[in-house]
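Colleague: Read off the chains here:
There are 2 protein chains.
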Amino acid sequence: MLLYHYPASPFCRKARLALSESGYEFSLRLEKTWLPNPDFLRINPAGEVPVLVTGDDKTIIGHQVICEYLVETLEEQSLIYGPPAQAAEIRRMVAWCDDKFVREVGRSILYERMIKRLKSSAVPPDSRAIKAGRTHLDTHLLYFSWLLERRQWLAATTSISLADMAAASHISLLDYLGEIKWDRHKELKLWYYRVKSRRSFAPLLTETIPGFEPAPTYGTLDF
Amino acid sequence: MLLYHYPASPFCRKARLALSESGYEFSLRLEKTWLPNPDFLRINPAGEVPVLVTGDDKTIIGHQVICEYLVETLEEQSLIYGPPAQAAEIRRMVAWCDDKFVREVGRSILYERMIKRLKSSAVPPDSRAIKAGRTHLDTHLLYFSWLLERRQWLAATTSISLADMAAASHISLLDYLGEIKWDRHKELKLWYYRVKSRRSFAPLLTETIPGFEPAPTYGTLDF
Numbered sequence: 583m584l585l586y587h588y589p590a591s592p593f594c595r596k597a598r599l600a601l602s603e604s605g606y607e608f609s610l611r612l613e614k615t616w617l618p619n620p621d622f623l624r625i626n627p628a629g630e631v632p633v634l635v636t637g638d639d640k641t642i643i644g645h646q647v648i649c650e651y652l653v654e655t656l657e658e659q660s661l662i663y664g665p666p667a668q669a670a671e672i673r674r675m676v677a678w679c680d681d682k683f684v685r686e687v688g689r690s691i692l693y694e695r696m697i698k699r700l701k702s703s704a705v706p707p708d709s710r711a712i713k714a715g716r717t718h719l720d721t722h723l724l725y726f727s728w729l730l731e732r733r734q735w736l737a738a739t740t741s742i743s744l745a746d747m748a749a750a751s752h753i754s755l756l757d758y759l760g761e762i763k764w765d766r767h768k769e770l771k772l773w774y775y776r777v778k779s780r781r782s783f784a785p786l787l788t789e790t791i792p793g794f795e796p797a798p799t800y801g802t803l804d805f
Numbered sequence: 583m584l585l586y587h588y589p590a591s592p593f594c595r596k597a598r599l600a601l602s603e604s605g606y607e608f609s610l611r612l613e614k615t616w617l618p619n620p621d622f623l624r625i626n627p628a629g630e631v632p633v634l635v636t637g638d639d640k641t642i643i644g645h646q647v648i649c650e651y652l653v654e655t656l657e658e659q660s661l662i663y664g665p666p667a668q669a670a671e672i673r674r675m676v677a678w679c680d681d682k683f684v685r686e687v688g689r690s691i692l693y694e695r696m697i698k699r700l701k702s703s704a705v706p707p708d709s710r711a712i713k714a715g716r717t718h719l720d721t722h723l724l725y726f727s728w729l730l731e732r733r734q735w736l737a738a739t740t741s742i743s744l745a746d747m748a749a750a751s752h753i754s755l756l757d758y759l760g761e762i763k764w765d766r767h768k769e770l771k772l773w774y775y776r777v778k779s780r781r782s783f784a785p786l787l788t789e790t791i792p793g794f795e796p797a798p799t800y801g802t803l804d805f
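Chains A and B supply the protein sequences, listed in that same order.
Take any residue in the first sequence, count from 1 to its spot, add 582: that is its number in my numbering.
Take any residue in the second sequence, count from 1 to its spot, add 582: that is its number in my numbering.
Here chain A stands alone, though its shape is the one from the complex (with noise of 0.2 Å):
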């Protein structure tokens, strides 16, 4: 399996855990979307990574869409399982952690601080944006923070599942840059701890973004 990606892009994270904790071996090309790159819009007419290229030579494309690939197609699921309602409760976090938490924290912090600079934009970080995605980061952890201390994972269920490996995805980077306060969210620290000690998300640990130091504690047990 071959999977387009880019590091600083928390759906592509989400795809490489996905694949990854469902037992896949897969290798890694990176596509930096916002070049124009004719040879990558054939194979994705919406130009997004991640685009997954499975063994059978099929193209997934979308985050979301490998993701469910992975359900439907194999037999041990350790992403979206259990009855329906427990399901619907995966995907509801899932949801929120790419839809709600990107709209309001990802698209002010991350965006302004690192895509931005990446894309060589020539309109500098917006500061009223970044702080306001602030104040909201921290109303989505503690939201977090609050199943947390009723759940052992974020969607209840009893091993993890993919509404952790969606929030981790975005808390990473997040926590690459430095913004997450750990000392402010214990039952999240606890959790990323939890999250941070798989195999599945080594990788992630170790890898530097072009133009980016990562924060001191970034890629450590001890943060």
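Derived from the structure by calculation, the hints contain no laboratory data.
Keep in mind that the hints are not guaranteed to be accurate.
Identical copies look the same in the list; a pair holds intra-copy or inter-copy alike.
[Claimed, not checked] With a straight-line Cα cutoff of 20 Å, these simulated SDA-like cross-link-like pairs (lysine to any residue) come out:
#1 Lys682 / Thr717
#2 Lys713 / Glu686
#3 Lys771 / Thr802
#4 Lys640 / Tyr663
#5 Lys682 / Asn619
#6 Lys682 / Ser727
Based on these hints, arrange chain B on the given structure of chain A.
Modeller: Chain B in isolation, oriented as in the chain A frame:
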């Protein structure tokens, strides 16, 4: 079944079409999500519609989650079906409509022209955003038309799928506002005629959105 919804939300329209095409009867409850409502926030802490309350009193939150819930729980599939690669193509087109189309078109045209006024926003519509949205809209509709020259339905299925329902939800609200130049998109027009003719679509075509007169041909098959 009960669906919390708002008529100007394309995601609610999608959920309604999905329920109806799956053979479900359901009642609707209007929820103006921009007005504070603690009762609704207890149901969905994200404060968003659609939310489905099932016959056995399960709360299913969010358009994606509702649709995947229907896919998981129904024997006979009319939303996402076929071999995994076909299901992936259906989901790719659904994500295209719900993510890319919304980001590039909905958030400019629909938001600026309709949602802002519904929310009694003090900020006037941004005419530059609307203009940019119209340019993007044309590109999206040309892509849909290009696909429909090669396929009977958007995701290359032999009958309607969730991809068509998603596209029609977004397009119908822009058509309500008179934004679609049907003469420029012949293949799409033939497809929309077929979608409009379905029983599931009828309730949408007679619905009016307070403060907005529908375009003259919005509700008719002669457009």
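Colleague: So, for every hint listed, does it hold in this structure?
Modeller: Structure-based check of all given hints:
1. Lys682 / Thr717: Result: close within a single copy only, 14 Å intra versus 27 Å inter.
2. Lys713 / Glu686: within (11 Å within a copy, 25 Å between copies)
3. Lys771 / Thr802: Cα proximity of Lys771 and Thr802: one copy only (13 Å, versus 56 Å across).
4. Lys640 / Tyr663: Only across copies: Lys640 and Tyr663 sit 17 Å apart there, 24 Å inside one copy, limit 20 Å.
5. Lys682 / Asn619: Close across copies (18 Å), not inside one copy (30 Å); limit 20 Å.
6. Lys682 / Ser727: Intra 17 Å, inter 31 Å, cutoff 20 Å: intra-copy only.
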